[in-house]
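Participant: Sequence:
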Amino acid sequence: MGKTRLTTAQALIKFLNQQYIHVDGEEFPFVEGIFSVFGHGNVLGIGQALEQDPGHLKVFQGKNEQGMALAAMAYSKQMLRQKIYAVTTSVGPGSANLVTAAGTALANNIPMLLLPGDTFASRQPDPVLQQVEQEYSAAVTTNDALKPVSRYWDRITRPEQLLSSLIRAFEVMTDPGKAGPVTICLAQDVEGEAYDYDEKFFERRVHYLDRKAPVERELKGAAKMIKASKKPLILVGGGAKYSEARDILVALSEKHSIPLVETQAGKATIESTYKNNLGGMGVTGTLAANKAARQADLIIGIGTRYTDFVTSSKTAFNFETAKFLNINVSRLQAYKLDAFQVVADAKTTLEQLAPLLDGYESEFGQTIAELKQEWNAERDRLSKVTFTRENFEPEIRNHFSQEVLNEYADVLNTELAQTTALIAVNDTIDPDSTIITSAGSLPGDAQRIWNPTVANTYNVEYGYSCMGYEVSGALGVKLANPDKEVYSLVGDGSFLMLHSELITAIQYGKKINVVLFDNSGFGCINNLQMGNGMGTYFTEFRTHDNKVLNIDYAKVAEGYGAKTYRVNTIEQLKVALEDAKKQEVSTLIEIKVLPKTMTEGYDSWWNVGVAEVSNKEGIQQAFESRKQKLETAKQY
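For the sequence shown, the positions run 1 to 636 when the UniProt record's numbering is used.
Everything labelled a hint here was simulated from the structure, so no lab data went into it. Quick reminder that beta carbons are idealized off the backbone N, C-alpha and C, glycines included. Treat the hints with care, as some may be off.
[What the hints assert, rightly or not] Subject to a maximum C-alpha distance of 30 Å in a straight line, what follows is the list of computed DSSO-like cross-link-like pairs (lysine-lysine): (1) LYS291 <-> LYS336; (2) LYS63 <-> LYS14; (3) LYS323 <-> LYS255.
[Stated by the list, open to error] Now the in silico label distances, taken between C-beta atoms and shown as ranges: (4) ARG5 <-> LEU528: 51 to 61 Å; (5) VAL59 <-> ARG542: 37 to 47 Å; (6) LEU80 <-> LYS200: 28 to 38 Å; (7) PRO93 <-> GLU26: 37 to 47 Å; (8) ARG5 <-> ALA139: 24 to 34 Å; (9) VAL206 <-> ASN550: 49 to 59 Å; (10) ARG542 <-> GLN134: 32 to 42 Å; (11) GLY561 <-> ASP308: 32 to 42 Å; (12) ARG389 <-> ARG542: 14 to 24 Å; (13) ARG123 <-> ILE551: 39 to 49 Å; (14) LEU528 <-> ARG123: 41 to 51 Å; (15) ASP196 <-> LEU528: 54 to 64 Å.
Based on the provided sequences and hints, a complete structural model is requested.
Facilitator: So this is what it looks like as structure tokens:
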């Protein structure tokens with residue numbers, strides 16, 4: 001076998017170009033491109049290698065390391081984890097900025113390749129610029145902070161270490177059961193060091209996403225549990241979407257009269273218009289889904305992590321009578337809630353399970369249609385909620401006084417409700433458009449009242465609830481779906497936290513639409529504090545003299561080069577949305593909405609820490625209420 005002399009960085013880029021993935025008979029490159037913010041720790045290594053020969057890799061200049069990594073995550077999520085963008089940063093602050101994005105990808109089980117620069121392997125010039133120093137070890141660098149949020153982590157201090165490290169990295173990223181972020185730290189001197197690599201290392205390498213089939217014991221056990229149940233409920237998680245199990249889920253639900261409910265990651269696996277789809281489950285779920293969950297005697301979890309929002313902090317189900325059957329490629333997740341475990345691919349398992357269920361029908365019957373009809377009526381009501389300065393009727397149980405609401409209405413010049421605006425967006429944009437959101441009250445509203453009628457058009461990150469994912473993620477989704485409209489639904493709080501990749505989208509002509517809901521504050525957390533007996537404390541956006549902030553976000557985006565719109569009414573919103581569709585440049589629609597006009601919870605509970613000692617009666621009551629809830633909550 002011949003040798004080829006390359007630097008470590010050149011070998012890395014050459015290797016990335018030769019990684020392919022095989023899914024259901026189709027074979028295509030796994031690494032689509034690379035996002036970069038160059039600094040002294042990577043520009044003369046990876047930067048030089050890309051300048052010399054990027055191969056097929058598309059290279060984008062990011063504006064913030066966290067932002068571009070979140071864009072890479074959203075891309076992989078939208079591509080059902082079958083393609084990725086790599087991310088390269090300098091050492092120090094650049095790599096530290098990756099930690100939040102890596103944690104977000106880890107919580108969501110999304111593959112992503114992070115390539116931060118590192119300090120000198122030789123240590124000759126130590127401490128170098130941007131190097132931290134610890135007395136207990138000279139080996140510690142900023143990149144060690146990425147260890148807890150990486151599925152696999154390695155540091156390259158010799159060129160030949162790349163050979164084993166990269167193979168291990170791609171094994172992890174292409175394993176559905178372990179998929180998550182991989183961090184390969186590259187000592188900046190080693191990036192430029194040359195080595196005689198075996199040419200075989202750079203041959204086309206195919207990673208097979210073979211669908212793991214269930215064993216006979218698992219199939220028989222699952223079939224027995226379902227047939228013994230009277231009211232089974234299928235909980236559709238992200239694993240069902242990534243497995244592309246839509247058709248078999250619909251078939252089983254239809255044939256056996258089993259209702260479907262969704263997690264945030266699983267939403268839009270099946271379109272909302274399907275008659276047995278009762279919508280989101282749990283704290284941010286629909287009344288229909290939560291009512292069905294309380295009736296169910298068997299919960300069939302398909303590719304879900306059972307987070308506290310899905311389980312209403314383990315109060316959503318009747319644990320005295322309900323059993324659990326989990327189908328998941330991850331053994332860790334399959335064991336949740338002491339379930340019967342099927343550790344296998346969702347689609348393959350359900351297809352093999354189907355013939356074993358012949359003759360079975362649940363007792364839900366007409367109840368499914370009744371629950372869905374009841375919820376549709378509630379959604380219709382929410383679409384028509386109106387407020388006036390003379391007669392505010394906020395949806396939230398713990399709300400501002402009439403005087404405070406009037407203040408917001410006057411400063412923001414609006415009487416528009418968030419729920420009304422969100423449903424209007426849903427009804428106006430093209431059905432094959434994809435929405436992105438992540439943090440604050442918008443994900444809750446979206447899971448309840450956003451009705452996707454086309455599969456895989458709902459890219460909501462709620463495994464980590466990462467503020468800043470919204471705009472960054474829109475860029476990633478646009479790269480995945482270049483011919484479709486993409487909408488970032490973002491609150492003013494999240495927009496202020498991170499929106500740098502809007503500039504990247506404009507720079508490269510990747511049109512995204514930012515729909516910014518401005519209620520001048522961290523409204524979701526304001527609801528949380530007031531709902532647990534506190535007053536409003538540092539969650540409103542107010543000036544030093546206690547006046548409501550009124551920021552002109554449209555002017556900010558206009559300065560970047562976006563086409564912008566200012567909206568205070570539903571009529572203005574619809575006109576703006578229609579015009580935005582016609583634009584070739586990225587757009588931002590600034591919607592002024594009143595605080596306290598998002599949806600409330602429906603038959604759900606969220607366990608949050610409440611002060612046991614307080615001089616406020618409201619907090620004392622909240623603590624006692626939490627104490628009572630915990631007495632009925634499941635502990636495992």
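Participant: Indicate, hint by hint, whether the structure satisfies it.
Facilitator: Tested hints:
1. A hinted pair counts as satisfied when its Cα atoms are at most 30 Å apart, and LYS291 with LYS336 qualifies at roughly 22 Å.
2. Straight-line distance between C-alpha atoms of LYS63 and LYS14 comes to about 25 Å, which keeps the hinted pair within the 30 Å bound.
3. Only pairs whose Cα atoms come within 30 Å are accepted, and LYS323 paired with LYS255 is accepted, the gap being roughly 22 Å.
4. Taking the beta carbon of each, ARG5 and LEU528 are about 59 Å apart, inside 51 to 61 Å as hinted.
5. Under the hint 37 to 47 Å, the C-beta atoms of VAL59 and ARG542, about 43 Å apart, fit the expected range.
6. Distance hint for LEU80 and LYS200: a CB-CB separation of about 31 Å, consistent with the stated range 28 to 38 Å.
7. At about 40 Å, the beta-carbon gap between PRO93 and GLU26 stays in the expected band of 37 to 47 Å.
8. Between ARG5 and ALA139 the beta carbons are some 29 Å apart, a value that agrees with the proposed interval 24 to 34 Å.
9. One distance hint, 49 to 59 Å for the beta-carbon pair VAL206 and ASN550, holds here, with the actual separation near 56 Å.
10. Hint check: ARG542 to GLN134, Cβ distance near 41 Å, so the stated range 32 to 42 Å holds.
11. Roughly 41 Å separates the CB atoms of GLY561 and ASP308, a value that falls within the hinted 32 to 42 Å.
12. Between ARG389 and ARG542 the beta carbon distance is about 20 Å. The supplied range of 14 to 24 Å therefore holds.
13. Separated by about 48 Å at the C-beta atoms, ARG123 and ILE551 satisfy the suggested range of 39 to 49 Å.
14. For the pair LEU528 and ARG123, the supplied restraint of 41 to 51 Å holds, since their beta-carbon distance comes to about 48 Å.
15. Take ASP196 and LEU528: their Cβ atoms lie about 59 Å apart, and the range 54 to 64 Å holds.
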